[in-house]
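Now that you have both chains on their own, put them together as the hints suggest.
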Amino acid sequence: MPRAFTPKVITANALIEGDVIYFTKDDTWTRDLACAEYLTDEAHAQVRLLDAEQQVDLVVGAYLADTTEGENGLEPTHFREEFRRTGPSNYFHGKQADSKQQDGQAA
Amino acid sequence: MYHYNDFDKAFLAERNRQFRAQVERRVAGNLTEEEFRPLRLMNGLYLQLHAYMLRVAIPYGSLSSAQMDTLALLAEKWDKGYGHFTTRQNIQYNWPKLTDVPDMLDALGKVGMHAIQTSGNTIRNVTADHFAGAAADELEDPRPVAELIRQWSTDHPEFQFMGRKFKIAVSAGAQDRAVLKAHDLAVRIVKNDAGEIGYQILVGGGLGRTPMVGKVLNDFLPREDLLPYIESTVSVWNQIGRRDNKYKARIKITVHETGLEEFRAKVEERYATVRPTFSGVDQDLFEDIKAHFAPPAFRNAPTVEFDSAYDANPLFRSWVDTNLTTHRAPGYSIVTVSLKKHGETPGDATADQMRALAQIARDYGHDELRISHEQNVILPHVHKSDLPAVYAALREADLHTANIGLISDIIACPGMDYCALATARAIPVAQQIATRFDELKLEHDIGHLQIKISGCINACGHHHVGHIGILGLDRAGVENYQITLGGDATWNAEIGQRAGPGFAYDEIVPAIERLVNGYLDLREGPEETFLEAYRRLGLAPFKAHLYPETQANAA
Chain A
1 MPRAFTPKVI TANALIEGDV IYFTKDDTWT RDLACAEYLT DEAHAQVRLL DAEQQVDLVV
61 GAYLADTTEG ENGLEPTHFR EEFRRTGPSN YFHGKQADSK QQDGQAA
Chain B
1 MYHYNDFDKA FLAERNRQFR AQVERRVAGN LTEEEFRPLR LMNGLYLQLH AYMLRVAIPY
61 GSLSSAQMDT LALLAEKWDK GYGHFTTRQN IQYNWPKLTD VPDMLDALGK VGMHAIQTSG
121 NTIRNVTADH FAGAAADELE DPRPVAELIR QWSTDHPEFQ FMGRKFKIAV SAGAQDRAVL
181 KAHDLAVRIV KNDAGEIGYQ ILVGGGLGRT PMVGKVLNDF LPREDLLPYI ESTVSVWNQI
241 GRRDNKYKAR IKITVHETGL EEFRAKVEER YATVRPTFSG VDQDLFEDIK AHFAPPAFRN
301 APTVEFDSAY DANPLFRSWV DTNLTTHRAP GYSIVTVSLK KHGETPGDAT ADQMRALAQI
361 ARDYGHDELR ISHEQNVILP HVHKSDLPAV YAALREADLH TANIGLISDI IACPGMDYCA
421 LATARAIPVA QQIATRFDEL KLEHDIGHLQ IKISGCINAC GHHHVGHIGI LGLDRAGVEN
481 YQITLGGDAT WNAEIGQRAG PGFAYDEIVP AIERLVNGYL DLREGPEETF LEAYRRLGLA
541 PFKAHLYPET QANAA
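Here the protein sequences line up with chains A and B, keeping their order. Going by my numbering, the first residue of the first sequence is number 1, and it counts up by one from there. Going by my numbering, the first residue of the second sequence is number 1, and it counts up by one from there.
Everything labelled a hint here was simulated from the structure, so no lab data went into it. Computed from a prediction, not measured in an experiment: that's the story for all the values here. It cannot be assumed that every hint is accurate.
[Unchecked claim] Computed cross-link-like contacts, SDA-like style, restricted to lysine to any residue with a CA-CA straight-line distance of at most 25 Å:
hint, chain 1, residue 1, chain 2, residue 2
1, B, 77, A, 31
2, A, 95, B, 474
3, B, 77, A, 91
4, B, 441, B, 312
5, B, 97, A, 81
6, A, 95, B, 80
7, B, 97, A, 59
8, B, 80, A, 80
9, B, 246, A, 80
10, B, 97, A, 54
11, B, 97, A, 86
12, B, 9, B, 289
13, B, 77, A, 89
14, B, 80, A, 32
15, B, 80, A, 86
16, B, 341, A, 89
17, B, 97, A, 97
18, B, 246, A, 63
19, B, 80, A, 96
20, B, 341, A, 92
21, B, 97, A, 12
22, B, 97, A, 80
23, B, 77, A, 98
24, B, 80, A, 47
25, A, 95, B, 344
26, B, 341, A, 59
[Stated by the list, open to error] Pairwise CB distance ranges, derived in the manner of DEER restraints:
hint, chain 1, residue 1, chain 2, residue 2, range
27, A, 99, B, 287, 57 to 63 Å
28, B, 32, A, 5, 28 to 34 Å
29, A, 97, B, 77, 37 to 43 Å
30, B, 32, A, 42, 22 to 28 Å
31, B, 137, A, 89, 36 to 42 Å
Glycine included, C-beta positions come from ideal geometry on N, C-alpha and C.
Next up, chain B with everything else stripped away, as it sits in the complex (with noise of 0.2 Å):
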């Protein structure tokens, strides 16, 4: 974990002495609320539908115990008694006062917390493989490469008034499990040739209005070149992306209108000039970062309780088979805690339960925590000796829900419940379905399925990389959703294809219903996932199931 140093602390308590004057100008009347928006913007303060929302920044998912407990104290003290975890990792405050929200800063600051730049024309929250020092398909730890790119973004003063946001995400494991492609750029650190370990820099990716998957920019850059090369196509972006209109400003739009090859070629040209600034100062900054995510002191010893409780517990067993996720050190295991609850709220977690969460890690789980972009939060170090302890601990806190990677976990934006820009409601549609599903007694027949939904076209719930995607939109007035088809988050993302009309409200669980049940009728076997059986088939015989009336007709 980074801990911060004396400038980090001093530039956090100093950020935090001006908001909080800021707070007192605007309540006071000497500041417009033109004037007051861009500050409490950079400051993660949003106002949204019934109440302010504040965004605290979880730098590339990490957590210690000590910052899940601020997150539960800010959660009890100044909210209702919980969060919202979000898909890029950070957690959302959904009732603050403004008043309350200066010292919400000054708590966080206490742990090396803020909420500076998780909103506004800036480079956000830098995000990671959630796995990240615990998965054992990585060539390394992706967090020394997010924090180094981290405190160069923060405050950068050639990035804090762009044409629009800009999102990066790094990840070094065989498999992408941050969607590298979904980003504006992204750092895949890889091996050449020769052995040496460099970047892969990805560009143009996003989602939203116009989705795009990320493309490559550089195939190899060496370790020493990431920064200035990131900061060179930065800037070009920021110079040459379109501000006539906020929906084209992305840098997806920029790469798909000037044509990667030229793109590539300003870039470099910036990179002439850029390069030079760069002394190696960011490199004596990278090897002191890699020493704060030293690998934790594993430790070797029999797995006795864990084989025992294995076989003579069922629920133990099948949680087990579900949450876990094989880990690099021998005897060691990577939980993953759903927050998915059927019929709760995607990504919701009270103060108790968090809480609960800080003490397990504490306990069991070498300080670590960390959230994941699928809104479930991460054990990464527990040796395997200690499940059962930890099992029985997040059942106390009725965390214990086992269904990771199936239809229940699903991501979910807040919608039309919380969000100023929604257009339909996301959350009750998630807990409908997961609620269905746990009825049928059918998700774990099912398989590995993935819906993402999103209340709006903005895409925060990622529904065109959904295997199953459903889009909540206004149509005339009354609440309608699109489902997209054969998205995929991974390595081989694709962007889902619209199935066909959209449902109303109460039409939509049927409708999945419907869509799953054909494909039990389809596939193979069991083996065969839902996505497989997709790319197998193809769009029109999982709409002969969606659209049955159609069919009739036709027929």
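Chain A with its partners taken away, still in its complex shape (with noise of 0.2 Å):
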């Protein structure tokens, strides 16, 4: 019997900065986790990523990654998802310090 359908998010890498980035709904790219679209059917996850693969001037290695909705929005389930969603643990680099930055410049 196939394995049931789990919910995803297609990521990718941006081809000039090479960080992770999110496929939205409406055909663009983010680098926050909580605007991509989240995917609960197989059939139409299937078709997003044919749409998110043809912008290969902007992206590489797009592929769907588990996901699933967590108190605060959209989360990872794999533990690797989660390190390209924060960045690296020895420092405080990639999204962890740009998103802070960010903040900064909102505030």
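What follows is the structure in structure tokens.
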């Protein structure tokens, strides 16, 4: 029996910066998992992946990553995706630092 | 040090020009990622978890001050102010932008450096003993041979698209500091009974998924036969090596499946064809290369400054006792600068630290620096009278940690904090072990103990040959760490034995602490190292300390 489909988001790395990005409902890319399109239907997910893969000039290596809806919105289910959305654990670099910088700019 | 001639410079400039154009075509949409990927990999550019990663070759680990300054410039101008020295004597930058990489490569080109063949299925950066040219126990400086192999292998038309990568190491020491037996091919410089210098060739070593210890392919090769023999060996593997399965593509599998005898026969057969194509030009080139590696003018001077500082300053004394190695010239020392400050990332150096090291090398070290596969920096030629000043300058740069060869001098790959292949983190495990044993103030009592940590089965962290090896895996979506014991990275290379079930991320440091406390109980005295105790006693008593619950249940 095929395994039940688990919800996903589409993620990739940006072509120029190389950082982690997520595909949104309106065919754009976001650096914030919370703004990603949450895919709960397998057939729809496959179609959206095809759409994402069309944007070869913007992204590298688009794929479907398991995601769940937690108390604070979308959350990865695997620790690898958690590191991708946060950054490394030895330095305050990557997304964790970038989002703080953005917060700082907003404030 | 080898200095690029006009041919080398022109080659590199042209190669960088090509890569700049390739990046432009990728960005403009004229190359797909599938087309671009092999081109960027040939120039050392990976795409990792959070960003691109540029791996720059440091051939056989040797650097001049100017080159180290350029590595600092790259870290500061195009990265986040630091670089990561690797277990293959390379440096990796974790955060470059794709469009900045051509400028980075041009900056490297100005000081005779590049990232060519630091990735892809080619002959990779040639590594060597990091004490080359300085060690008291070596027959000769192995770097001219390493440089000859580098030049021969760079852009070698037959070896650009092989079944898999190919790693070569060279050493001339009585002790093996280059992990020769873990390489696809290793050249050990030896002397025969007639007193002639030649080469012993080892083949089929490697770590990774199927760890194997290298075997002697040729016991003594005359000098002039080296390149044709290596070319024949790589050529045979390139032809018969498996391409159906990338996990079975390395030469260790070919040698294992073919059998050493038959493999050797095939090499000899190929050699008969290849040998006549070498006209002797390579030997002329070799003579020219050797001249580049003439030893510096060592000075003859008193060492009173050293003696008085050694007596007066206990911190200096501790550093001297731990971080210095005997030099072949009287009055000189080899200084190993630890990049393993307790709690910091093994192998990382900031741009400021790189510049400080370059300046120290200029002032006191005959302008030479080395990177070790153990992820430390070496000042190979320091006169003893300069050691107090060197130590003071290292303190200024926070590079004075006295822990070489001790439990906190840990090798760790980038692991899942950076690497796209990793299955678990390695760096924080290393940081926590070092911090814990520093708190316990036990590491000098524990003595020589090598912990090596890999964040996946590919074993960049050399865990198989660590006295204690730690392998991070993904077990059902959770980080899990397997311990191996009794590995040895020296001439007596051994693959460590798996101790038993793995440990969760928050269990691994306490497990190592139990294991090391167990060793302190089991050893016959402070002279018996962890590895010696393990060899005397075997796995069982150490296992009892690692898995006390199992023992209790069995009792």
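Against the structure, the hints come out as follows:
Simply put, residue 77 of chain B and residue 31 of chain A have alpha-carbon atoms about 24 Å apart, close enough for the 25 Å limit, and the pair holds. Distance hint between residue 95 of chain A and residue 474 of chain B is fulfilled; the C-alpha atoms sit about 23 Å from each other, no more than 25 Å. About 18 Å separates the Cα atoms of residue 77 of chain B and residue 91 of chain A, which keeps this hinted pair within 25 Å; it holds. Distance restraint check for residue 441 of chain B and residue 312 of chain B: the Cα-Cα separation of roughly 22 Å lies within the 25 Å cut-off, and the hinted pair is therefore satisfied.
Straight-line distance between C-alpha atoms of residue 97 of chain B and residue 81 of chain A comes to about 21 Å, which keeps the hinted pair within the 25 Å bound. The straight-line distance between the Cα atoms of residue 95 of chain A and residue 80 of chain B is roughly 13 Å, inside the 25 Å bound, and the hint therefore holds. For the given pair, residue 97 of chain B sits about 13 Å from residue 59 of chain A by alpha-carbon distance, which is consistent with the 25 Å threshold. Taking the CA atoms of residue 80 of chain B and residue 80 of chain A, the gap is about 22 Å. The hint holds against a cut of 25 Å.
For the suggested pair residue 246 of chain B and residue 80 of chain A, the alpha carbons sit about 24 Å apart, so the restraint of at most 25 Å is met. The hinted pair formed by residue 97 of chain B and residue 54 of chain A meets the criterion: a straight-line CA distance of about 22 Å does not exceed 25 Å. A distance of roughly 19 Å separates the Cα atoms of residue 97 of chain B and residue 86 of chain A; the hinted pair therefore holds under the 25 Å criterion. Annotation: proposed proximity of residue 9 of chain B to residue 289 of chain B holds, straight-line Cα distance about 16 Å (limit 25 Å).
The suggested pairing of residue 77 of chain B with residue 89 of chain A holds, with an alpha-carbon distance near 23 Å, which does not exceed 25 Å. The suggested pairing of residue 80 of chain B with residue 32 of chain A holds, with an alpha-carbon distance near 22 Å, which does not exceed 25 Å. With a CA separation close to 17 Å, the supplied pair residue 80 of chain B and residue 86 of chain A stays within the 25 Å bound. For the hint pairing residue 341 of chain B with residue 89 of chain A, the CA-to-CA distance comes to about 17 Å; that is within 25 Å, so the pair holds.
Taken as a hint, the residue 97 of chain B and residue 97 of chain A pair is honoured in the structure, with Cα atoms around 17 Å apart against an allowance of 25 Å. Restraint check for residue 246 of chain B and residue 63 of chain A: satisfied, since their Cα atoms lie roughly 22 Å apart, inside the 25 Å limit. For a cut-off of 25 Å, the pair hint linking residue 80 of chain B to residue 96 of chain A stands: about 14 Å separates their Cα positions. In summary, the hint linking residue 341 of chain B to residue 92 of chain A is supported, as the alpha carbons are separated by about 18 Å, within the 25 Å threshold.
This hinted pair checks out: residue 97 of chain B and residue 12 of chain A have alpha carbons roughly 16 Å apart, not beyond 25 Å. Pair hint residue 97 of chain B plus residue 80 of chain A holds up; C-alpha atoms about 22 Å apart against a cutoff of 25 Å. Straight-line distance between C-alpha atoms of residue 77 of chain B and residue 98 of chain A comes to about 18 Å, which keeps the hinted pair within the 25 Å bound. Of the supplied pair hints, the one linking residue 80 of chain B and residue 47 of chain A is violated, its CA atoms being roughly 38 Å apart against a limit of 25 Å.
Of the supplied pair hints, the one linking residue 95 of chain A and residue 344 of chain B holds, its CA atoms being roughly 21 Å apart against a limit of 25 Å. A hinted pair counts as satisfied when its Cα atoms are at most 25 Å apart, and residue 341 of chain B with residue 59 of chain A does not qualify at roughly 38 Å. Between residue 99 of chain A and residue 287 of chain B the beta carbon distance is about 58 Å. The supplied range of 57 to 63 Å therefore holds. Distance hint check for residue 32 of chain B and residue 5 of chain A: the Cβ-Cβ separation is about 29 Å, which falls inside the suggested range of 28 to 34 Å.
Restraint check, residue 97 of chain A to residue 77 of chain B: a C-beta distance of roughly 19 Å breaks the suggested window 37 to 43 Å. Between residue 32 of chain B and residue 42 of chain A the beta carbons are some 27 Å apart, a value that agrees with the proposed interval 22 to 28 Å. The supplied range of 36 to 42 Å is met by residue 137 of chain B and residue 89 of chain A, whose beta-carbon atoms lie about 40 Å from each other.
Hint compliance for this structure: hints 24, 26, 29 are broken, all remaining hints hold.
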